[in-house]
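Peer 1: What follows is the residue order along each chain.
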Amino acid sequence: MSTTAFAALVRRDLYLYITDRRAVIMSLAAPILIASFFGYIFGGVANDAPSARVPVAVIDNDQSDISHRLVAGLTADRALEIRPGTLAQARDAVRGGKTTVAVAIPPGFGPQAAQSLLGGGHPPELQLLYDPSHGAEMAMVRGILTQHVMESVGAGLFGGSGGGSGGGSGGGFAMPFTTREEPVTARKGVEYNAMGHSFAGMTVQFILFMGIDAGMFMIYQRRSGIWKRLRAAPISRFVMIGSRAASSALIAVFIMFVVFGFARIVFHVRVEGSLAGFVAIAVAFGLMTAAFGLLIAVSGKTPEATRGLAILATLLLVMLGGAWVPAFIFPQWLQKASFAIPTRWAVDALDGVTWRGLGFAWALGPVAALLGFTVLFGALALWLFRWDEA
Amino acid sequence: MLEAKELRKTYRDLVAVDAISFRARPGETVGLLGPNGAGKTTTVSMIAGLLKPDRGEVLIEGRPVRGDTDPIKRRMGLVPQELGLHDELSAQDNLALFGALYGMRGAARRRAMDAALDLAGLADRARDRVRTFSGGMKRRLNLAAALLHDPQILLLDEPTVGVDPQSRNAIFSTLEEFRRQGKTLVYTTHYMEEAERLCDRIIIIDHGKVMANDSLEAVRALVPNVSLIEFEIENPGEGEWYAPLRLVDGVDSVELQGTLLRVGLRNLAETAPSVLEWLRQNGRRYSHLASQRADLETVFLTLTGRSVRNS
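Taken in order, these protein sequences are the chains called A and B.
One point on numbering: in numbering that gives the first Met the number 0, the residue at position 108 of the first sequence is 107, and numbering is uninterrupted.
One point on numbering: in numbering that gives the first Met the number 0, the residue at position 147 of the second sequence is 146, and numbering is uninterrupted.
Bear in mind the hints are in silico, worked out from the structure with no lab data behind them.
Small disclaimer: the values here were computed from a predicted structure and weren't measured.
By construction, the Cβ of each residue, glycine as well, lies at the ideal position given by its N, Cα and C atoms.
Treat each hint with caution, since some may be false.
As the list claims (entries may be wrong) - Partner residues are not named here, just some residues of chain A that face chain B (Cβ under 8 Å, in silico):
1. Ser223
2. Arg228
3. Arg230
4. Ile250
Unchecked claim - Okay, the calculated beta carbon distance ranges per label pair:
5. A:Phe208 to B:Phe171: 37 to 47 Å
6. B:Val160 to A:Asp19: 19 to 29 Å
7. B:Asp163 to A:Asp212: 26 to 36 Å
Based on the sequences and whatever the hints tell you, model everything.
Peer 2: Written as structure tokens, this is what we have:
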């Protein structure tokens, strides 16, 4: 083996790597950012940022001392964010993904629970409506609820604030309530299909990757001389840019339909809500992707220089948009901040019109948001666009 | 007719094109001649509307181009220096696309495409993807794409870069036929022999400025007595050892390219002995020498002090 040649080739490769600054940044920044992100949202480092409280609706139809204590206990719990309202409102909120669990306390709950705790009577039934995509949170709420029911009923029987757990030495205590749990999906009888969220996230991600390719193609056009032909022809700038945006949007819609078509046939992921809403979301996200592609096209002069940055930006959009892990896992501030990212709207919108079964009127909100991002990205791209071609 | 008036373009401190003016009449081929970076492509880009000049204007049939969609742009065809083709599309799909940019469709476009493919000698490869073509075939298709809409004025930016002699001749034949049809050609190149074969008028550009602008004969006449003598030096050595040769009476220019020493002389018969003697005295051996009369290369060398291909 020629060590001189070997060393020279290695030296060349290292030199080429180091001199491509964007590639260096990409190869370092991407793993750092992604690892930091996941470490952060899964609580890898102790921090003072408040973790997200689970939004829980409580409907007190009992209005007894015990039910008041229970509501007060739940309200005081740092893990929960208690929201009042009616059962119908709570059901809509759970279905819309705004509330994770709704707890309905039935009339007569207090006296019946007290009797049941002492081993007599029939235990009352708490109705729990929950978002089936939040299984872990539902389990947590179930445990917290049991704790607060025991405390409330115990305090009602024995006085004091926490006597429930200390007064059971004589045996004979029984669970003072039961639950009737109902996952809120599109409608009764429709089971939750976790594939829905998975397909929403991955479709959004790979449509954005298509958007990168669309942007790269415009840079390639410049490099190859095709752009010169376009500029020399008697066509408007709208035709030049608009045609590219239209084709990107059409491809995005095509991808959306094919992927969800596959999901429907193989995994029974259905558009349980508005089909028109699904189409509107697909078109709006397609347009947003087209504008994103234009923005990529103006962000660099060569495909090599632009691709790494574009992939990094896309990964960030996808991560923060909840396409990889659901956004409810994020810390509270990040959940709010993620609404400034188009992918969050797209993923939520697709969840909404598929397994959540939400209607066209609901879909108009995310559609408007996605179109807003389209205008923002498009305007920025046109502002930065370099028309002159030497 | 095409008229460029006082075109100027700068990039920050660099003056790429400095007040270039010329006219190109029907049936005339105008050659923009100069080394890389002289400003030829920038000039063509301004004429084609790709680049807005800082100053000056371009007139087509006596009027300026008004906006991107001005129909008068149909009178021009551009052959870019880069291959402006989609590799993944077939030849006919590329032509169909570029025809559509000029509003061509239906049977008229079909006929124009067939004619362009015939002209490029690619009729039998019409359905093949461009990526399967040789460099010469791509160049011919690059030219055909610009001819598709039957422009009156053809702008060609170094259209023969990297092509084989056969394809080059095919391109030349096409352009000569185009000129016979009374059309206008503006042809940029740094190949002197191309300019001498094709062009009626030569504009020599260097550092963005016009050094000469006249008919081929008139440009040649700028250096009527100049001859060129070339030596194949056996021991060229390092550094500019040849520079003092310029001080020899009757020597206009001296340049070394590798082992080839090129000396411009005002009078071959009178000065050649002095040059041979100077080489002998300075210990330079040569294996071969040749002389030639003034050509465009000589003119360029005389006007700019450097070779067009070595700039």
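Peer 1: Would you mind marking each hint as holding or not holding in the structure?
Peer 2: Quick rundown of the hints versus the structure:
| no. | hint | in the structure |
| --- | --- | --- |
| 1 | Ser223 | holds, 6 Å |
| 2 | Arg228 | holds, 5 Å |
| 3 | Arg230 | holds, 5 Å |
| 4 | Ile250 | violated, 15 Å |
| 5 | A:Phe208 to B:Phe171: 37 to 47 Å | holds, 46 Å |
| 6 | B:Val160 to A:Asp19: 19 to 29 Å | holds, 27 Å |
| 7 | B:Asp163 to A:Asp212: 26 to 36 Å | holds, 34 Å |
Taken one by one, the earlier hints fail for this structure only at number 4.
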